[in-house]
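Residue strings, one per chain:
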Amino acid sequence: MLGEVNFEIDGVKVQGWTGQTIMEAADEAGIYIPRLCDTEDLRPAGSCRVCTVKVNGKPAAACTQPISEGIVVENNTKEMNKYRVDLVEMLFSEGNHLCPVCEASGDCELQAMGYRLGMTYYHHPDLNPNRTIDASHPDILLDTNRCIFCGRCIRASRDLDGKGIFSYVGRGINKRIKARAERLVDTDADLNDKVFAYDLCPVGCIIRKREGFKKPIGTRYYDHKPIGSDIQS
Amino acid sequence: MSKETSAVVKEACQRIGRERHNLLDILLEIQEKLRCVDQEAMQLIGEELSISSVTVEGVVSFYAFLSQEPKGKVIIRLCDDIVDRFAGIEAVAEVLCEEFGIQMGETTEDGKISLEYTPCIGMCDQAPAALVNDVVVTNLDVRSAREMAKNLKKHLNPAKLVKKLGDGNNANKWIKSMVQNNILRRGEVIFNDEGTPEAGLKHALTKTPKEVIKTIQKSYLKGRGGAGFPTGMKWNFARASEGARRYIFCNADEGEPGTFKDRVLLTECPDLMFEGMTIAAYAVGSDSGIVYLRGEYTYLHQFLEKVLAERRKQGLLGENICGKKGFHFDIRIQMGAGSYICGEETSLISSCEGHRGNPKTRPPYPAQEGYLGAPTVVNNVETLCRVPRILEKGAEWFASIGTKESTGTKLLSVSGDCESPGVYEVAWGITVRELLKMVGAEEAAIVVVGGPSGQLIGRTAFERRIAFEDLPTGGSIVVFGIERSVLEIVHYYMEFFIDESCGYCTPCRVGNVLLKKRIEKIMDGLGELEDIAYLKDLSKTVIMTSRCGLGITAPNPILSSLEHFPLVYSAIVKKRHDGLQQGFDIKRALEKSREIAKRRSRIYDRAYGEKPISVENIG
Chain P
1 MLGEVNFEID
11 GVKVQGWTGQ
21 TIMEAADEAG
31 IYIPRLCDTE
41 DLRPAGSCRV
51 CTVKVNGKPA
61 AACTQPISEG
71 IVVENNTKEM
81 NKYRVDLVEM
91 LFSEGNHLCP
101 VCEASGDCEL
111 QAMGYRLGMT
121 YYHHPDLNPN
131 RTIDASHPDI
141 LLDTNRCIFC
151 GRCIRASRDL
161 DGKGIFSYVG
171 RGINKRIKAR
181 AERLVDTDAD
191 LNDKVFAYDL
201 CPVGCIIRKR
211 EGFKKPIGTR
221 YYDHKPIGSD
231 IQS
Chain D
234 MSKETSAVVK
244 EACQRIGRER
254 HNLLDILLEI
264 QEKLRCVDQE
274 AMQLIGEELS
284 ISSVTVEGVV
294 SFYAFLSQEP
304 KGKVIIRLCD
314 DIVDRFAGIE
324 AVAEVLCEEF
334 GIQMGETTED
344 GKISLEYTPC
354 IGMCDQAPAA
364 LVNDVVVTNL
374 DVRSAREMAK
384 NLKKHLNPAK
394 LVKKLGDGNN
404 ANKWIKSMVQ
414 NNILRRGEVI
424 FNDEGTPEAG
434 LKHALTKTPK
444 EVIKTIQKSY
454 LKGRGGAGFP
464 TGMKWNFARA
474 SEGARRYIFC
484 NADEGEPGTF
494 KDRVLLTECP
504 DLMFEGMTIA
514 AYAVGSDSGI
524 VYLRGEYTYL
534 HQFLEKVLAE
544 RRKQGLLGEN
554 ICGKKGFHFD
564 IRIQMGAGSY
574 ICGEETSLIS
584 SCEGHRGNPK
594 TRPPYPAQEG
604 YLGAPTVVNN
614 VETLCRVPRI
624 LEKGAEWFAS
634 IGTKESTGTK
644 LLSVSGDCES
654 PGVYEVAWGI
664 TVRELLKMVG
674 AEEAAIVVVG
684 GPSGQLIGRT
694 AFERRIAFED
704 LPTGGSIVVF
714 GIERSVLEIV
724 HYYMEFFIDE
734 SCGYCTPCRV
744 GNVLLKKRIE
754 KIMDGLGELE
764 DIAYLKDLSK
774 TVIMTSRCGL
784 GITAPNPILS
794 SLEHFPLVYS
804 AIVKKRHDGL
814 QQGFDIKRAL
824 EKSREIAKRR
834 SRIYDRAYGE
844 KPISVENIG
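From first to last, the protein sequence lines are chains P and D.
The first sequence begins at 1 in the numbering used here and counts up by one.
The second sequence begins at 234 in the numbering used here and counts up by one.
The shape of chain P in the complex, shown without the other chains:
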C-alpha cells in the first residue's frame, strides 16, 4: 500500500511514501535532520532526541514520527537548533569526552554534531562518571565513560548479529551499557560482528584495538566536511 504523502519541511515541499518516518523522507529529499542515536539498518529508537522537530507546531522525534499528508515540519530553525545544542551539551557533560586524547576524534559523531551546531563550549558542570573500562577482549576495547546511550550496539548485536551481547542496566542517570559477561572476552563477541564495525558506535566507547591512530587526525571523516554532508543535497 505505497501511497504518496506530500508534506513540508521548512517551507520546502517534500514527497514521501506511506509508512515512512519524517527522517526517512527527509533523507531521501536531501534534507538533513541532525541525529545521534539513529543510523541506517537499525530500527529507530528516538532516544537522543537530537532529531526533535516540530510537526504542526508540536515537538516530535523525526526518526520515529511517521509522515502524514500536509504536515508542516520545522527542522533547521533557530529554536530547534537551540534545543539540539542543549542536548549535545548535556551529552558532553554527562560522559567523559576529552576530544584531544580520544581515538575517535575526527570520526566522532558527537564531536561533529557539536561543530555543526556551532557549540563552542558547554554551560554545564561535568558529571565525571566513573564507569567500566573493559580491555579484556583481544580486539575490542570498551570505554563506557564515553557512552552517549544511543543504544546502537544493543540493537545491532541483537537485530543484526543475533547475539544480544549488550543491554542497558540500571535506570535514569545511573543507566549503563553492559555486556553479557563481566568481561567482554567471556562473551562470543567477535571483531567481525556488525556491532563492532568502525562507524557503528558514534563516539569512542567501542574501540577496535590497534586501529585508533592508523588514520592521522586531520584526515578523518568529519575533519573536512560537517556531519550530514552525505545527506544534504
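Be aware that a few hints might be false.
[To be verified] No more than 27 Å apart at the CA atoms, straight line, and that leaves these computed lysine-lysine pairs for DSSO-like:
1. P:Lys82 x D:Lys754
2. D:Lys749 x P:Lys82
3. D:Lys243 x D:Lys304
4. P:Lys163 x D:Lys243
5. D:Lys773 x P:Lys54
No lab work stands behind these hints, which were simulated from the structure alone.
Place chain D on chain P using the hints.
For chain D alone, coordinates are given in the frame of chain P:
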C-alpha cells in the same frame, strides 16, 4: 551453582510460565524466596526464557524492589517523601539505624534486617510511614520506631506489628492493616453509597457496545490519572483498531508523590472498579483485563484476588457474564516492583511484557497497538470507578456535576500541613481557597496541585480552580505552611524525578540532573541572575524534547516556583557589586589541587608560612 537457586528459579519459571511477559512475576517470586536475584539466578532465568542474561539484568536493575545483593528477611522501607520528611522520618531513621546498628541502605550481618528509603508509598495522610516487607506501618515517631525495632528483633514477623486495625475494609481479614481510609468528604459520584451494585454493568449489557461508548462520550468523562484524555474516545479508538484480542488495563500504580486516593478506592470500592473494567471490556470488545497494582500496595493483593474470585462465582466475570451470551471477560492482577514511571501507560505495558519499564514510541498508541501488540485501553482506577455510575444514572446527570470542561467529581488526596489530611471527593471547579478551608489549612503558604508534575502555587493563586481548564490534578494536593522552604521542596521533587527517570532519553536523564545542580547552587547562596535564565532555558529544552510525560513535566516544580515565588529566588540570588561571579569560589576550586599537592595557597591561606606544611593544616 547453588542447588537452592537452581531449584527456586526452575520451579518459578515452570509454574508461572516461560514466556517473556511473565518475567516480572518470576523475578518477584525469586526475590521473595532468595531475597535477591543474583547473577546466577539471572543466568538461569535467561536460559529458561531463552533471553540473554544481561537482558534479565536490565529488567532486574530497573526496579527498586528487586536487588542483586541479598536483602534482609525483613526489609524496612521508610517513605522518603517530602511530607514524611517534614513529619519526622529522619528521626525515625536515626532510631532504626541505632537499634539495628546499620546505616540506611544496609543489611544487618545476620541477614535479618535491611533498612532503605523509598519514594512516596501512598500514605502521606498518615505520615511518617514505612513498608515492613508488605506490611504498612503508619504514624511513626521516635517512640513507636524504637518499639517496632525491639519487636522485630524478637519475632521478625512484620504482621505482628499491626496492633490496631484501620477502618472499613482495612480490617478485612484479607487485608488486616493499620491503614486508615480518611475519607473526609463523600461526593455525589463515588462515595455517596446511593449507587446499586452492578446496576451500571447490567444496564450496559442491555445496550450495544457502541451505545455504551456513546454514553461515556456524552458524559465527557476524562481520565483521572492526570493526563485527562477523554475516556470514551480512548475506548472508541481501541474498538476501531484491528486485533484478534483487545485488553483492558487498570492503572493502579499511583506513584505521584502525595497521591493516595486509589489506595482508598482499591480498599473500599474494588467491586466498582472491576465493574468499570467489565463495562469497558464489553464496550471495547475485550476478553482480558489486567490490574497493574503498585508494589507498595502488595498488602491489598490477596484481598483483591478474593474479590475477583467472588465475582467469578457470581457470574460477574468469566463466561457469558450476567447471562449475556458470548460476553467473556476475566481479570488478573500484575504486581509492580517499585517504579514511578510504570504509571505512565506505555511504560506500564512494557513492564507487563517483561521489559524494562521504558515508555514506548508513540505512535502507535496503546489503543492501536498496546500489550503484546494488541489494542489496549489503559484507564486509571478512579476513572473506571466512575463508569458504572455513569451507566446507572446517565451521562446527563454526570455532566451536570463539575464544570463544562471537567465533568463529575474528583478525588483529592490532601496531605501536608493541614488539620485534616485525607481523601476528599469534590466537584471539579472548587477553588484552592475553598479546598484549603475544607481541609483546615487556611494559613497555607504553598500548595502543590497535581504533585511534582503539577504546579507549586502561592497565595496569589488560591482563587484559581481545580479543573482541567485551570489547575489540573491527578489527585495530589500537598499543602505547606509558611515555615517550609520552597527551594527545599523544589529540590526534593527534582531528586524524585531524577531517581525515577527511566533514562531512555537524553533531556530527562541528564537535563534534570543539571537543573537540580543549579537549584543546589542557588540554595548554597551562590546563585547569580544568569542561573535563573539558565533554569528557564534548560527547563524549556527538557520539556520540548523529552519523550514522555515524566520528562515533559519534571521541570514544573522549578518553573512554577519561579512563577509563583519570585521573591524566594530574588532574595537569595543577588547581583554582586564587586563584579565577581558569585558562583565561583576560588578556595573551593583550589581545594582538590591543594589536597593533591599537599600544599597551601600563598594567597588564600592566611596562615601560610607560619606553620609547617601538612595536610591537616589545610584550611
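Hint check results:
Proposed proximity of Lys82 (chain P) and Lys754 (chain D) is supported: the alpha carbons are some 24 Å apart, at most 27 Å. As the CA atoms of Lys749 (chain D) and Lys82 (chain P) are separated by approximately 21 Å, the hinted pair is consistent with the 27 Å bound. At roughly 21 Å between alpha-carbon atoms, Lys243 (chain D) and Lys304 (chain D) fall within 27 Å of each other, so this suggested pair holds. With a C-alpha separation of about 24 Å, the suggested pairing of Lys163 (chain P) with Lys243 (chain D) holds against the 27 Å cut-off.
With a C-alpha separation of about 14 Å, the suggested pairing of Lys773 (chain D) with Lys54 (chain P) holds against the 27 Å cut-off.
Of the numbered hints stated above, none is contradicted by the structure.
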